[in-house]
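2 protein chains.
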Amino acid sequence: MAEGSTAASQLSPTIKTLAAHTGFSIGTISKALRGSPVVTEQTRGAILAAAKELGYQANARGMALRTGKTYQATVLMPLTSAAGYEWDGVEYTQILSGISQALDGSDYQLSVHGYRSFDDACAIARRVADQKLADGLIFSGVLAEDARIAMLTQSGFPFVSLGRCREPLVYAHVDVDNEWAAHAATARLIAGGHRRVALINADQRFSYALDRIDGFVRAFREAGVDPSLDLIAGGDLSTRFGRDSTLALRGLPQPPTALVCVNESTTLGVLSALDALGLGVGEDVDVIAYDDINVSAYFTPPVTTLYQPIEVLGRRLGEFLLRLMAGDNAAQLTEVFRPQLIARQADNLGGRLSRSHP
Amino acid sequence: MAEGSTAASQLSPTIKTLAAHTGFSIGTISKALRGSPVVTEQTRGAILAAAKELGYQANARGMALRTGKTYQATVLMPLTSAAGYEWDGVEYTQILSGISQALDGSDYQLSVHGYRSFDDACAIARRVADQKLADGLIFSGVLAEDARIAMLTQSGFPFVSLGRCREPLVYAHVDVDNEWAAHAATARLIAGGHRRVALINADQRFSYALDRIDGFVRAFREAGVDPSLDLIAGGDLSTRFGRDSTLALRGLPQPPTALVCVNESTTLGVLSALDALGLGVGEDVDVIAYDDINVSAYFTPPVTTLYQPIEVLGRRLGEFLLRLMAGDNAAQLTEVFRPQLIARQADNLGGRLSRSHP
DNA sequence: AAGGAAAATAAAAACGTTTTTACTACGAAG
DNA sequence: CTTCGTAGTAAAAACGTTTTTATTTTCCTT
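Those sequence lines, one after another, are chains B and G. Each residue of the first sequence is one higher than the last, beginning at 112 in my numbering. Each residue of the second sequence is one higher than the last, beginning at 112 in my numbering.
Do not take every clue at face value.
The list cannot tell twin chains apart, which means a pair is met if one copy fits it or any two copies do.
[Claimed, not checked] With a Cα cut of at most 25 angstroms, we get these calculated SDA-like pairs of lysine to any residue:
1) Lys163 - Thr151
2) Lys243 - Thr178
3) Lys142 - Gly166
4) Lys127 - Leu340
5) Lys180 - Pro124
6) Lys243 - Leu340
7) Lys243 - Leu280
8) Lys142 - Arg227
To be clear, the hints were calculated from the coordinates, so they are not data collected in a lab.
With the hints as extra help, turn the sequences into a complete structure.
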């Protein structure tokens, strides 16, 4: 019976199939495919031809077992905080999209791990590094003092973070210049005459939340004005949070006349709250938002934004991780993006405020 | 030198370490860990204790090589169509979140493959199945005649689709009752007096776009009214598409007095266009949207929605895939969700239309 | 008490690679 | 004409499992 050959033609060809087909040994086949210089050009040609003819594809599991590599790049993704399916984390689609594009064509597969809390994320990161579940790691939501960065830096496990911690460590990262962005937004509002500016911010555990406060405060300092620190709200970046904090802030004795918003889902909540309060944007209150998924242009009314497409950051994250896994030095793999200011409003309440303030 | 033992204590323990530690052979260790009935309860206890003591974790690559399984569940994710980073695909965060939650605790890892076109998705699906790059597959964006479903059904590769094709095939799937949803929205508008209703729909290659048209038409038929087929727009589900198609439709000689929108990013574009045209929602035009990420509540003005949290569908997708990979029958693994109607407007233009139409 | 069945474990083979080591020609040098 | 280095390839070992086959032990039966 030709059972053997029939079965073999069903299954995908292995290095052994190639050996039988070409007459070379499996060791030579492997070297030829890996581009080792010890095999002659002629044999390599023959082997490559046979590989193409049979549609040979290296078995990732065999390679992985022998080399200890996994050919996996893992991304830590925050699971939506779930309470009532509140809208947050939408930008992750574009982050993943960017990373996926960068990894496309490489030998690496993109895998995703969800986490529910920071401790959860730490535990997963540790497990991935200790057990070598992946060859590299990408994560975001960096804290001022981030245990993941400390741990991975020490163990030498390749990773790229979206965001910088506040410890003096050397590691590959991609970030947005949040200090600059918050400063730009706040300074613009102060120049427009505003003195009571709110900052709808992320939780202050996050490093970038602190960066934004820094920029916010610097803008006031540079203008010689006391910063409205009592108008800084911190929370999850859901739409509900944007709405609730706006309602609360506007209920204060000296409510804000302008708001700086940390992301687009929060902004939607802010706008919703302002509408509910009967306040007109550009008339009774000004709003400047940060946008990384290009949606603010469709808000009504359109608001001034600091725009940085996050897909670009995602792509860079993937590129950096590839280079890191190829042996590049982490110190060289850092980039901080400065968003673009898109002015859609005058942000001076139609000039009214500048008159009342000297 | 104690080099050997030192190095061994550094590396994670293997089945050999356990063998040396307990005195049993590696075969027995493997059987004990896998719960085989041939090993006595006493030895299993000893081995389990040693495994716990040494922190043993099975090496996935070794298992994968031997068993041919990969312990990977792969999701096909559409890459954002990218032209100008238009906002779309945001719901994928929640789909992945749901799947990740379902896979949590199982032996399976979630991996993500991005694709740029339907052909791309087909090629990837075929590669995953042929080369057994994963043990199961999840995908969405099902076409009326979907090559992936046909191919995977035939090859018997485990998969769950988000959406149903229009061919009479038996396969595991999760879906929304789009026909019902479109019917509910359209019928409500017709009951409110509308006769010129627009349907801002997905591209008609997609099966669910056809389902919505079916429901849309049925509502008209049941009311004894000619369906406004000329007001059906199909396109990508970006915000820009919502805006552009609304502007175009309202430019017609007999413009729609109401719009049914296919998802929330499109709805945002629709609302933006209506605002730009100076049309008030609930006054000059009514809008009913489909929402799967719980954001419509914050639109201003709020619109009536058909709400179905997509994270729930994601979780079910993961559950179904796990059961499928465990050997369950695909015929049993189907569920169609019916969204919830959340009426935030009267959707009858304040009663004005019902007066003019009998 | 010896034989044998059943139970428990050990040993070996296998999965598909890469890498190290061993072999075989062949040409150059003495 | 022999010896040796070298280039090219083959053979074998290893990665960590699971599974099949072989061996040992135990205990029952006659």
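Hints versus structure:
1. For a Cα distance limit of 25 angstroms, the shortest separation of Lys163 from Thr151 inside one copy, 18 angstroms, qualifies, whereas the shortest one across copies, 50 angstroms, does not.
2. In this homomeric assembly, Lys243 and Thr178 come within 25 angstroms of each other (Cα to Cα) both inside a single copy, at 12 angstroms, and across copies, at 20 angstroms.
3. Proximity of Lys142 to Gly166 under the C-alpha cut-off of 25 angstroms is restricted to the intra-copy arrangement: shortest distance 18 angstroms within a copy versus 36 angstroms between copies.
4. In this assembly of identical chains, the alpha carbons of Lys127 and Leu340 never lie at most 25 angstroms apart, being 70 angstroms within a copy and 60 angstroms across copies at closest.
5. In this assembly of identical chains, the alpha carbons of Lys180 and Pro124 lie at most 25 angstroms apart whether taken from the same copy (22 angstroms) or from different copies (17 angstroms).
6. In this assembly of identical chains, Lys243 and Leu340 lie within 25 angstroms of each other by CA distance neither inside one copy nor across copies; the values are 45 angstroms within and 57 angstroms between.
7. Taking the closest pair of Cα atoms, Lys243 and Leu280 come within 25 angstroms of each other only inside a single copy of the chain (22 angstroms); across copies the shortest separation is 41 angstroms, beyond that limit.
8. When the C-alpha separation of Lys142 and Arg227 is checked against a cutoff of 25 angstroms, the pair qualifies neither within a copy, at 44 angstroms, nor between copies, at 34 angstroms.
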